[in-house]
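**Q** Sequence:
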Amino acid sequence: MEGSEPTEDEAFAAWCAHLPAISEEAEEAGASARLERDVARVRAGGSALTAYRKWRGTDGLGTWRSWSEPAGAGMAGLPGPSPVRPTGAGTYRCPEARCDRRASRDEQGHPPTCAALDIPMTPAR
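Residue 119 in our numbering is what sits at position 119 of the sequence shown, and the numbering runs on without skipping anything.
A few of these clues could be false.
Just the calculated beta-carbon pair ranges, DEER-fashion [claimed, not checked]:
#1 G30 - T91: 34 to 42 Å
#2 G90 - E5: 26 to 34 Å
#3 R34 - G109: 21 to 29 Å
#4 G30 - R102: 30 to 38 Å
#5 E96 - E5: 17 to 25 Å
#6 E96 - P20: 12 to 20 Å
#7 G109 - P20: 13 to 21 Å
#8 R125 - G30: 21 to 29 Å
Note that these hints are calculated values from the structure, not bench results.
Cβ atoms here follow ideal geometry from the backbone N, Cα and C, with glycine treated the same way.
Using the sequences and the hints given, assemble the complete structure.
**A** Below you can see the structure in the form of structure tokens.
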């Protein structure tokens, strides 16, 4: 995702990877309803790049944005993905082939879920 303009596929992968953290932060800030509208748009085929930039900033996909809703509440994050320690065998891919994101099983051995589509990821062959 380095460079001038990220692709829609790169944005979709970032949206999927960061959606759980975005959801937690939106809940803490009272912006869950706003986020759910954007999640529904992306799931219906809307632009993940637009949604990701809205929730993580406009200076590129690595920049996080602050929100204040309602007044006095705020959320902020640090750039970069959360550290993940995969266990188990094999990698998984986007279930609808909308991006090239790959993920492994979690520490308990559960297969990953595509957060953007809310469905299990597909084993990569």
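**Q** Against each hint, give a clear statement of whether it holds in the structure.
**A** How the hints compare with the structure:
1. G30 - T91: 34 to 42 Å: Taking Cβ atoms as reference, G30 and T91 lie about 36 Å apart, which means the hint holds.
2. G90 - E5: 26 to 34 Å: With a Cβ separation near 33 Å, G90 and E5 satisfy 26 to 34 Å, so the hint holds.
3. R34 - G109: 21 to 29 Å: violated (34 Å)
4. G30 - R102: 30 to 38 Å: Given about 34 Å between the Cβ atoms, the range holds.
5. E96 - E5: 17 to 25 Å: 23 Å Cβ-Cβ, so the 17 to 25 Å window holds.
6. E96 - P20: 12 to 20 Å: Holds, since E96 and P20 (Cβ atoms, about 19 Å apart) stay within the stated range.
7. G109 - P20: 13 to 21 Å: holds (18 Å)
8. R125 - G30: 21 to 29 Å: Taking Cβ atoms as reference, R125 and G30 lie about 43 Å apart, which means the hint is violated.
Violated hints, listed in ascending order, are 3, 8; each of the other numbered hints is respected by the structure.
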